[in-house]
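Could you build all of it, start to finish, from the sequences and the hints given here?
What follows is the residue order along each chain.
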Amino acid sequence: MAATDVEIARLPASVELKRPARSLWSDAWHQFRRHRLAMAGLFTFVTLVVFVLVGPLVYHTRIDNIDFTMSLKGPSPEHLFGTDDLGRDMLARAILGGRVSIAVGITSVLLAITLGLTIGALAGYFVKLDSPLMRLTDLFLSLPILPLLLVIVYLFRDSLRAAFGPELGIFLMIVGVIGILNWMPVARLVRASFLSLKQKEFVEAARAVGDPDSRIIMKHIIPNVLSPVLVAATIGVGGAILTESTLSFLGLGFPSDTPTWGRLLFDAKDYIDIAPHWAFFPGFLIFLTVLSINYVGDGLRDALDPRKTS
Amino acid sequence: MTNQWRRAAAVVAVAAMTLAACGTTPPAASSTPGASATVASKRGAGDDLKILYWQAPTILNAHLATGTKDSDAARLVTEPLASYGPDAKPLANGLAAEIPTVANGGVSADLLTVTWKLKQGVKWSDGTPFTADDVAFTFSLMADPKTAVSTSDAAEGVKSVVAKDANTVVVTYAAANPNIYQWGVGTCCYILQKKQFEAYQGEKLKDAPGNLKPIGTGPYVVDSFKSGDVVTYKMNDQFRDPNKPYFKSVTFKGGGDAPSAARAVFQTGDVDYAWNLQVEAGILKPMADTSSKGKLLTVYGSSVERILLNFADPSASLGDKRGEPDTKHPFFNGADGKIVRTALALATDRKTVAQQIYGDGLSGKPGCNIVTGVPDYESTATADFCSKFDTAAAGKMLDDAGWKLGSDNVRAKGGIKLSIVYQTTVNAVRQKTQDIMKKNWEAAGFKVELKSVPADVFFTNTSPDGANHFWADVEMFTNNSDPDFTNYLNGWTSKQATGKANNWNSANYNRYQNPAFDTIIDSLRSEKDPAKRATLFKQANDILILDVVIIPVVTRTQVTSGIANTLKNVVPTGWDSEMYAVQDFSK
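Note that the protein sequences, when read in sequence, are chains P and U.
The numbering used here numbers the first residue of the first sequence as -7 and each following residue consecutively.
The numbering used here numbers the first residue of the second sequence as 412 and each following residue consecutively.
Treat the hints as calculated values from the structure; they're not laboratory data.
Be a bit skeptical, because a hint or two may be false.
Each pair of labels, with its calculated beta carbon distance range [claimed, not checked]:
| id | chain 1 | residue 1 | chain 2 | residue 2 | range |
| --- | --- | --- | --- | --- | --- |
| 1 | U | Lys943 | P | Asn57 | 46 to 52 angstroms |
| 2 | U | Gly730 | P | Phe156 | 54 to 60 angstroms |
| 3 | U | Gly613 | P | Leu142 | 30 to 36 angstroms |
| 4 | P | Ile227 | U | Asp810 | 50 to 56 angstroms |
| 5 | U | Ala804 | P | Ser68 | 33 to 39 angstroms |
| 6 | P | Ile227 | U | Asn872 | 39 to 45 angstroms |
| 7 | U | Lys732 | P | Leu142 | 22 to 28 angstroms |
| 8 | P | Pro67 | U | Lys453 | 30 to 36 angstroms |
| 9 | U | Ala456 | P | Ile227 | 57 to 63 angstroms |
| 10 | P | Pro139 | U | Ala585 | 42 to 48 angstroms |
| 11 | U | Lys943 | P | Glu159 | 53 to 59 angstroms |
Short, incomplete list of chain P residues facing chain U, as computed with Cβ under 10 angstroms [stated by the list, open to error]:
| id | residue |
| --- | --- |
| 12 | Ile58 |
| 13 | Leu64 |
| 14 | Gly66 |
| 15 | Glu70 |
| 16 | Ile144 |
| 17 | Tyr146 |
| 18 | Arg149 |
| 19 | Asp150 |
| 20 | Leu152 |
| 21 | Leu244 |
| 22 | Ser248 |
| 23 | Asp249 |
| 24 | Thr250 |
| 25 | Asp259 |
Glycine is no exception: its CB is placed at the ideal position from the N, C-alpha and C atoms.
Below, the structure is given as structure tokens:
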């Protein structure tokens, strides 16, 4: 009996040992799956991405079929999203526009986050770098955006176009422009968190056991500043999608015949009382994208928050 | 965008000549439209006239205007000697008592001098008398290069403007000028008060307080002016016509955009006059048709939305030689140049653009001629060419010349692809036009890349993205002429070819160089017989159209404004400021 008792008492311990090693990301995923809205957001976002990636393979209507007899028609079995004033199919345009918009939104935010995280971390951790990097941040914050855009476009449009072709060249330019103009708030956020975290006991403990700076930054501090960064990033995606449309409007973005959600919405705005469907679909898709990414961000923040780990 | 364009192209347009150029037939002065209709009006009987310009005026001295908005806002206060009426002929509703002609002795037979008789007893709004000295002074400001006025073109080739006596002004040209009204008529030459501007000559002109609050002879005086926002005027008690103006005050509001201006006049009825409703027909037509508050006011002038074909090579690889007049476009200006150009014109669907985007006569009709608006000059030889639209025939034409379709659906010959960059301004109407053109041109085997540039950049001579540099294969915009087309057409002569040497200030953006065309323009400079001039205008026009230097897309209305149903006596002209007869407006 005694032997059995010991066996029973040891069992949980052995089970504990068999569990796979826990990492930050597996923990986070475990945590994330419990967040219903975040899962719904992730599902919606993945659906949208699949919709724009697979759409053109399934749906063959061309985006530039001009047919004035069909102009400004509402949704019908033939044109599920209706048509614009030139009678072009809005579904095809929304699918192709989504590719550009989602790609621009995500890529430019990734760029902004990477820049912001790097600069913020360096400024927050290394005292000597703090002042120069933060003055650089102030410099970027104080730049007047429109003249800067004009200069960037003037300097780089033709060379990027020549190097990567008209479409990829302009894509890189726009992603670069949006990324470069949006990293500053992230950098400030990250620096502030670093300043407070690097005084914490666990960082001192890490330093005491001889961890190098790079390991302290990557392993110990960054996971703790990720949550505000992710929130900023998710908000940034929606902003980037809309900034892209502003650029197109100024003639600095994609050529006018490249549909993007922002551009479709912009084209539709004057027709909103005559053909509301035209503005509705791209608007709704932007709304869905931004909302779903926000919920994913929300879930990620909770999942990555060490204090919430159960 | 026409308006920025107008300014940018002032070089071409302002100094144009008049048909009145003849030594044999005296120029006819038109009757005063609206004058008879306004007999019943009484000074100050109306309240406030609300005018909306979606571009806001920033200065009220028309000589320093940066656009039509400034010049038009100044027209309520300052006036020229005479206006150009709806029939493209001078109209004595300004400071001149009558229009000088050869018949009445006002114009010398050698077309060198014009003697203007001024109206008697006209006073400035500060109560001092208006005299010929003020006119001569205004000319001296325009002729002085240091003042850097935007109206200086009108003073070019003018030898002197002299006050012969208090009520007589003599304009003398350096050489016989068929365009005898070049100086004094229309938007070029609003007369300023010598007393107010005397201390601000030369470079100091830009600092003159009168630029913001000019003293004028016009029907209204500036009450308050917020630059870039709103001008309020009250009526000028000193105005020469005791029955005018009808309105006690005017609010000249600026800002917004064309669609919201259209809503303000058609839907909400907030304003009495909304300027330049450059809105797609799909929006404008239902708004104007169903409006109980306002109606559309349009009139044709010489405005043509046209596509220019580049005769120089715009390849970036040329470096310093890029787009210079001595380079040759790889397919528009080679051995097959005319075939490729003609195929492009054949694949251009003018009718659909005019119908669907300009509303089939609402704000434009299918274009064909570049010399248009004056019936005597309108060519008929081009009608057949313009009426054709057939992308298959265009494709076949290229096929026959050896331009074969590649696997990428683009025609090529000898390694040269028919790949086109097509630039224009950022403007919904133009982007729609681009979409239609691209579709059809690609059906004929061209590859088309669209580019749109903000209007203020596009119309800057130093901008590499601009119309003047024309570093693209085709470009599209609107331009217009004065009633005499000589100087306008001069913009396609060889020596006007734009390039680095002239800092892209010359008017021949196409870099079209054709001695036969140059000869016609030279003849126009000396030809005085109106019938022969008309023939020469038609010949010049036919060369530009049939040699496919330009493809006119749409002949546009010069005035496209909305007015309240209650507003009366508004007679639009296509050849002068929309405010040329604002004293006649009433309710």
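Here is what the structure says about each hint:
Our hint of 46 to 52 angstroms for lysine 943(U) and asparagine 57(P) holds, since their Cβ atoms are close to 51 angstroms apart. For the pair glycine 730(U) and phenylalanine 156(P), the supplied restraint of 54 to 60 angstroms is violated, since their beta-carbon distance comes to about 21 angstroms. In this structure the supplied range 30 to 36 angstroms holds for glycine 613(U) paired with leucine 142(P), their Cβ-Cβ distance being about 33 angstroms. Taking 50 to 56 angstroms as the suggested C-beta distance range, the pair isoleucine 227(P) and aspartate 810(U) conforms, at roughly 55 angstroms.
A hinted range of 33 to 39 angstroms holds for the C-beta pair alanine 804(U) and serine 68(P), which are about 34 angstroms apart. The hinted range of 39 to 45 angstroms is satisfied by isoleucine 227(P) and asparagine 872(U), whose Cβ atoms lie roughly 43 angstroms apart. For the pair lysine 732(U) and leucine 142(P), the beta carbons lie near 26 angstroms from each other, so the given range of 22 to 28 angstroms is met. Between proline 67(P) and lysine 453(U) the Cβ separation comes to about 57 angstroms, which falls outside the hinted range of 30 to 36 angstroms.
Taken as a hint, the range 57 to 63 angstroms holds for the pair alanine 456(U) and isoleucine 227(P), whose Cβ atoms sit roughly 58 angstroms apart. Here the CB-CB span from proline 139(P) to alanine 585(U) is close to 43 angstroms, well matched to the stated 42 to 48 angstroms. Evaluation of the 53 to 59 angstroms hint for lysine 943(U) and glutamate 159(P) yields a pass: the beta carbon distance comes to about 54 angstroms. Taken as an interface hint, isoleucine 58(P) checks out: its beta carbon lies about 5 angstroms from the nearest beta carbon of chain U, inside 10 angstroms.
For leucine 64(P), the interface hint holds, the least distance from its beta-carbon to any beta-carbon of chain U being 7 angstroms, beneath 10 angstroms. Residue-level restraint check for glycine 66(P) is violated (minimum Cβ-Cβ distance to chain U is 15 angstroms; threshold 10 angstroms). Hint status for glutamate 70(P) relative to chain U: violated, with the closest Cβ pair at about 20 angstroms, above 10 angstroms. Because the beta carbon of isoleucine 144(P) sits about 14 angstroms from the nearest beta carbon in chain U, more than 10 angstroms, this interface hint is broken.
The criterion of a C-beta within 10 angstroms of any C-beta in chain U is met by tyrosine 146(P), whose closest approach is roughly 7 angstroms, and the hint holds. This hint holds: arginine 149(P) has a C-beta 9 angstroms from the nearest C-beta of chain U, less than the 10 angstroms allowed. Given the 10 angstroms rule on beta carbons, the hint for aspartate 150(P) holds: about 6 angstroms separates it from the nearest Cβ of chain U. Because the beta carbon of leucine 152(P) sits about 12 angstroms from the nearest beta carbon in chain U, more than 10 angstroms, this interface hint is broken.
Against a cut-off of 10 angstroms between C-beta atoms, the interface hint on leucine 244(P) holds, since the closest Cβ of chain U lies about 8 angstroms away. Because the beta carbon of serine 248(P) sits about 4 angstroms from the nearest beta carbon in chain U, less than 10 angstroms, this interface hint is met. For the restraint placing aspartate 249(P) at the interface with chain U, the shortest Cβ-Cβ distance is roughly 5 angstroms, inside the 10 angstroms limit, so the hint holds. Satisfaction of the interface hint for threonine 250(P) is found here, the shortest Cβ-Cβ separation to chain U being roughly 9 angstroms, below the 10 angstroms cut-off.
Contact between aspartate 259(P) and chain U, as hinted, is supported at the beta carbon level, the nearest pair being about 7 angstroms apart and thus within 10 angstroms.
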